[in-house]
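> Sequence lines, in order, name chains A and B.
Taking the numbering used here, the leading residue of the first sequence gets 1, the next gets one more, and so forth.
Taking the numbering used here, the leading residue of the second sequence gets 1, the next gets one more, and so forth.
Don't read these hints as lab results, they were simulated from the structure.
Some clues are possibly wrong.
Said to hold, decoys possible - Only part of the chain B face toward chain A is listed, based on derived beta-carbon distances under 10 Å:
{"id": "1", "residue": "Ile19"}
{"id": "2", "residue": "Thr24"}
{"id": "3", "residue": "Phe29"}
{"id": "4", "residue": "Met126"}
{"id": "5", "residue": "Val127"}
{"id": "6", "residue": "Gly137"}
{"id": "7", "residue": "Met243"}
{"id": "8", "residue": "Leu279"}
{"id": "9", "residue": "Trp286"}
{"id": "10", "residue": "Gln288"}
{"id": "11", "residue": "Val292"}
Stated by the list, open to error - Label-pair restraints from in silico Cβ distances:
{"id": "12", "chain 1": "B", "residue 1": "Leu48", "chain 2": "A", "residue 2": "Ser168", "range": "32 to 38 Å"}
{"id": "13", "chain 1": "B", "residue 1": "Ile183", "chain 2": "A", "residue 2": "Lys15", "range": "18 to 24 Å"}
{"id": "14", "chain 1": "A", "residue 1": "Phe31", "chain 2": "B", "residue 2": "Asn152", "range": "20 to 26 Å"}
Just so it is clear, CB atoms sit at the ideal spot from N, CA and C, and this is done for glycine as well.
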Amino acid sequence: MKSVNSLRRSYALGKFLTYFALIAGSLIMVFPFLWMLLTSFKTVPESMQIPATLFPSAFRLDKYKEVLENLPFVRLYWNTILLVFFRVICAIAFSSMAGYAFAKLKFRGKNILFTIVLMQMSLPSQIFLIPQYQMVAKMGMANTIFALVFPGLVSAFGVFFLRQTYMSIPEEVGEAAYLDGCNQWVTFYKIMFPLTGTSVAALTIFTAVFAYGDLMWPQIVNNDINMFTLSAGLATLRGMNTTDFPMLMAGSLLAMLPMVVLYLIFQRQFVEGIAGTGGK
Amino acid sequence: MKKRKLSAAERREENWGWIMVAPTIIGLFILNIWPFIQTIYTSFCEHLGFGKYKFIGIQNYADMFGSAEFWKATWNTVWFCILTVPVGMVLALFVAMLLNTKVKFKGGFRTIFFLPLVCAPAAVAMVWQWIFNGEYGVLNQILGTNIQWITNSKTAVVAVAIVSVWSSVGYDAVLLLAGLQNIPKTLYEANSIDGAGKVRQFFTITLPMISPSLFSVLIMRLMASMKVYDLIYMMSDSTNPAMADMQSLMYLFYRSSFVAGDRGYGSAIVIWTVCLILLVTLFQFWGQKKWVTYDI
Numbered sequence: 001m002k003s004v005n006s007l008r009r010s011y012a013l014g015k016f017l018t019y020f021a022l023i024a025g026s027l028i029m030v031f032p033f034l035w036m037l038l039t040s041f042k043t044v045p046e047s048m049q050i051p052a053t054l055f056p057s058a059f060r061l062d063k064y065k066e067v068l069e070n071l072p073f074v075r076l077y078w079n080t081i082l083l084v085f086f087r088v089i090c091a092i093a094f095s096s097m098a099g100y101a102f103a104k105l106k107f108r109g110k111n112i113l114f115t116i117v118l119m120q121m122s123l124p125s126q127i128f129l130i131p132q133y134q135m136v137a138k139m140g141m142a143n144t145i146f147a148l149v150f151p152g153l154v155s156a157f158g159v160f161f162l163r164q165t166y167m168s169i170p171e172e173v174g175e176a177a178y179l180d181g182c183n184q185w186v187t188f189y190k191i192m193f194p195l196t197g198t199s200v201a202a203l204t205i206f207t208a209v210f211a212y213g214d215l216m217w218p219q220i221v222n223n224d225i226n227m228f229t230l231s232a233g234l235a236t237l238r239g240m241n242t243t244d245f246p247m248l249m250a251g252s253l254l255a256m257l258p259m260v261v262l263y264l265i266f267q268r269q270f271v272e273g274i275a276g277t278g279g280k
Numbered sequence: 001m002k003k004r005k006l007s008a009a010e011r012r013e014e015n016w017g018w019i020m021v022a023p024t025i026i027g028l029f030i031l032n033i034w035p036f037i038q039t040i041y042t043s044f045c046e047h048l049g050f051g052k053y054k055f056i057g058i059q060n061y062a063d064m065f066g067s068a069e070f071w072k073a074t075w076n077t078v079w080f081c082i083l084t085v086p087v088g089m090v091l092a093l094f095v096a097m098l099l100n101t102k103v104k105f106k107g108g109f110r111t112i113f114f115l116p117l118v119c120a121p122a123a124v125a126m127v128w129q130w131i132f133n134g135e136y137g138v139l140n141q142i143l144g145t146n147i148q149w150i151t152n153s154k155t156a157v158v159a160v161a162i163v164s165v166w167s168s169v170g171y172d173a174v175l176l177l178a179g180l181q182n183i184p185k186t187l188y189e190a191n192s193i194d195g196a197g198k199v200r201q202f203f204t205i206t207l208p209m210i211s212p213s214l215f216s217v218l219i220m221r222l223m224a225s226m227k228v229y230d231l232i233y234m235m236s237d238s239t240n241p242a243m244a245d246m247q248s249l250m251y252l253f254y255r256s257s258f259v260a261g262d263r264g265y266g267s268a269i270v271i272w273t274v275c276l277i278l279l280v281t282l283f284q285f286w287g288q289k290k291w292v293t294y295d296i
């Protein structure tokens with residue numbers, strides 16, 4: 001039998017080791033971002049110094065100016081915002097409607113139609129890429145916002161996810177409204193949809209983060225740099241310059257900043273939203 | 001329920017049902033079902049340019065299976081999975097268990113570990129490329145080594161795997177944490193009265209109880225690793241001598257279809273990748289019955 005004292009000591013040691021591991025892990029997680037920030041203030045020769053200096057000799061903003069001249073950042077932000085906005089709106093509107101219908105309404109063909117939704121979810125999106133690109137090209141819509149949004153016009157995942165949410169709402173809620181004389185649409189729109197706020201927020205965050213980071217599709221479908229997203233812009237920046245790391249860091253930082261700021265404001269919603277959707 | 005006449009209310013409900021799923025179903029037909037069929041067909045065709053195709057039978061597949069570059073990309077992808085999945089899962093479980101103890105700033109730690117998830121992979125890859133840089137990279141200086149991480153054929157995939165694990169460990173940890181929090185405390189209490197040690201407790205209670213979460217994280221991570229593209233695209237470039245040793249199937253697909261313009265060959269590669277992913281799905285159904293404990 002251990003004495004109370006030794007138990008207390010082993011408890012304290014365990015506590016210390018837990019904090020130690022968590023703090024060490026946090027440093028590893030944060031360091032790349034810190035290094036990005038610090039490098040972005042350096043000059044090129046300074047960034048190549050060996051041994052490396054942690055802090056820049058002065059906090060210069062030259063590289064930010066330079067990257068803003070090299071990439072049309074305002075356009076990239078604007079394109080990315082529009083891409084995210086339309087993807088989110090489509091995902092919410094169409095997935096809510098379909099999710100509600102699949103969860104609450106009886107109609108013929110429901111099972112087979114839902115199987116299609118499940119099939120799309122289980123196939124990797126790359127299998128659709130070449131034909132999707134050809135459609136956009138054939139419509140003459142390459143280098144437009146529409147082209148960026150195109151594969152995300154409907155979200156099978158969103159339908160599946162919101163169907164789960166609607167299934168968890170008790171039958172009585174809809175029935176009461178229905179008996180009050182609301183038709184199915186009004187029941188959905190006025191009564192049921194407002195009850196799914198948390199799930200809609202989660203789907204919004206999930207869709208936004210994914211659209212923001214997506215690289216392959218914007219690269220394929222748009223080749224005019226003015227129609228690029230932030231991610232595709234970064235890829236171009238790296239292609240233009242492989243040694244000016246301070247500038248590349250400044251560009252990366254500017255590209256990820258909006259999402260990181262949103263994340264820091266809505267931490268809980270982001271973590272629970274992305275983890276709760278269980279995908280990515 | 002044979003050909004019963006629907007009442008007026010039922011018919012109205014059915015109409016609303018159809019109307020409400022219509023945008024999604026039409027969208028899925030145009031964006032997914034038709035492209036899926038087209039991709040299968042295209043994989044048996046030669047691309048003549050300007051969207052014109054000529055049927056050539058299994059030639060693309062024959063070319064593909066005879067190509068050393070293709071087999072190398074397949075191996076790179078499998079090797080990438082081997083490098084990322086087990087290490088990533090162990091680390092994620094470790095972080096989740098740390099966060100499941102009574103620590104202060106739990107939310108803060110969670111926020112930090114989760115941070116890479118919201119950062120565009122392109123930006124993440126960029127800074128890691130700088131850290132890994134062979135001449136001036138800070139990692140070599142910290143470790144006191146002189147490794148050409150990204151341009152050496154042996155370490156290139158390892159470097160990308162490190163970035164991938166770093167990016168996803170927080171996300172996986174959050175999922176596992178939810179699993180850990182669902183384990184009833186009484187199980188541990190009953191067990192500790194029996195005098196079981198912490199290590200045994202881990203293997204007899206924790207591990208079986210979170211096996212469903214562990215398994216779903218495993219499948220998700222496997223699927224994501226099979227499709228790795230953006231990290232590799234950003235960390236390699238065409239001048240990289242280790243390019244052939246780090247390119248994944250999805251990267252080869254991108255290069256064949258959209259850089260070389262050989263869309264038939266590209267389609268064959270993507271079909272092959274889908275087959276590999278389906279293998280993971282089959283494994284999922286089979287493994288679920290075998291390893292996952294849904295009740296104790």
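> Identify whether the interface hint at Met126 (chain B) stands, where standing means a beta carbon of chain A within less than 10 Å of its own.
holds (4 Å)
> Let's test the interface hint: is any C-beta of chain A closer than 10 Å to that of Thr24 (chain B)?
holds (4 Å)
> Against the range 32 to 38 Å, how does the distance between the Cβ atoms of Leu48 (chain B) and Ser168 (chain A) compare: consistent or not?
violated (52 Å)
> Does Val292 (chain B) pass the interface check with chain A, least Cβ-Cβ distance below 10 Å?
violated (16 Å)
> Is the interface hint satisfied for Leu279 (chain B)? The criterion is a beta-carbon contact with chain A at less than 10 Å.
violated (13 Å)
> Take the C-beta atom of Phe31 (chain A) and the C-beta atom of Asn152 (chain B), compute their distance, and say whether it sits inside 20 to 26 Å.
holds (23 Å)
> Is the shortest C-beta separation between Ile19 (chain B) and chain A less than 10 Å?
holds (8 Å)
> Does the CB of Met243 (chain B) sit less than 10 Å away from some CB of chain A?
violated (14 Å)
> Does the beta carbon distance between Ile183 (chain B) and Lys15 (chain A) stay inside 18 to 24 Å, or does it fall outside?
holds (21 Å)
> The hint names Gly137 (chain B) as touching chain A; please verify it with the least Cβ-Cβ distance against 10 Å.
holds (9 Å)
> Per the CB criterion, is Phe29 (chain B) less than 10 Å away from chain A?
holds (8 Å)
> Answer holds if the nearest beta-carbon of chain A is closer than 10 Å to that of Val127 (chain B); otherwise answer violated.
Hint on Val127 (chain B): holds, closest Cβ of chain A at ~4 Å, below 10 Å.
In terms of the numbered hints stated before, the structure departs from hints 7, 8, 9, 10, 11 and 12, listed from lowest to highest.
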